[in-house]
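Student: Listed below are the residues making up each chain.
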Amino acid sequence: MMTAAPDAAPEPQREAFLGALGTATAMVRERGAEAVVICSNEHFANFFLENFPQFCVGLADRFLGPVEPWLRIDRAWLPGHPELAGHITGGLIRRGFEPSFSHELRLDHGIMTIYHAIDVGMRLPLVPIIPNCAVHPMPSLRRCFEFGKALRASLEEFDGLDRVAVVGAGGLSRWVGEPRVGDIDTVFDRWFLDRLGSGNLEEVLSLPDEELEAAGNGAHEIRSWLTIAGLADPGTATTLAYEAIEQWITGMGVATFELDEALG
Amino acid sequence: MKNYAVQRAVFDFLRAQQGRDEAAGISTEHRDLTDEEAAALRDHDLRKIYQLGLHPVLLNASSRAIGLTRNDYRVRLEGLDTTRRKDPRWLRS
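Residue numbers (the numbering used here), protein chains in the order written: chain R, 1 to 264; chain E, 1 to 93.
FYI, nobody ran anything at the bench for these hints, they're computed from the structure.
Among the clues, some could well be false.
From the structure, some residues in chain R lie toward chain E, with a derived Cβ separation under 10 Å [said to hold, decoys possible]: (1) 134; (2) 180; (3) 188; (4) 201; (5) 203.
Think of the CB as a built atom: it goes at the ideal place given N, C-alpha and C, for glycine as much as any other residue.
Here chain R stands alone, though its shape is the one from the complex (with noise of 0.2 Å):
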């Protein structure tokens, strides 16, 4: 909604929100990154029921994206790093995940929103990585922030490049094809935020999914975060912006997390 509808949330909301998040991703081009791992969900835009991946690593030198005509962003082909890629998916191997791999992924809103607010002009090389966060049975949360710890064990051993941008996104708390469509659970939203940025993430990472529905059904893309929340180093979680958008049906928030060291 934030690139397919801006104007139709409150100003207030909508210019603190994308304010954060244009901080955010000024942090990718201004740190120098030569590449951007962006991990988030898609919504049936590559895979169906008859073979459904937990995981999926985009290993192509180029991919497709939006799949969405509504999105407001132009259609077009950015780069991949598929050596990048493969050594990701060699390293998750090595430290006990099986992954998916794809040589031909068409990207839908998950990531082309933070792709494109990252790098408009589509040049940054990107590996994306595909969570299940929306059909069960999904990874659990804690197998996520898992994922995020051999996620950064299998960058740092990466050669090729000096500086990797990771990027989690989706949530937080919405419920899409529901009967509850534009609730917004803000009670849920904060404590999700509170607890990344203490780094007290045990009361999340218990969380079964029937309950975090409560929260909607697109709060399984807490995900995608908390792949993050692994990744990064504990409590180093800072939230720049909350707002919960009705007119975007979505708890809309941005958070950094921060390494002790650059990848590579």
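With chain R held as given, fit chain E onto it using these hints.
Tutor: Showing chain E alone in chain R's frame:
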């Protein structure tokens, strides 16, 4: 995930819609659907489709494809919510 045939019919409809300006109907021929399921899909009977277990992402996307807004389908699905619970841990913190 229940009713694979229902899910598949809607997914194929959405894939076929890509690039089209006008929505065609959901094809129910040659699918493992009961008469009730087929009728619900042809008529886009949202309440019935929801109760048949259509994945919510597919429900949202197919509603958009035929011109329904989220408010439209919220009204049509009124009373069917099963997700509300009184005691998630964030309300007890």
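Student: None of the hints should be skipped; say for each whether it holds.
Tutor: Results of checking the hints against the structure:
no. : hint : verdict
1   : 134  : holds, 6 Å
2   : 180  : holds, 5 Å
3   : 188  : holds, 5 Å
4   : 201  : violated, 13 Å
5   : 203  : holds, 6 Å
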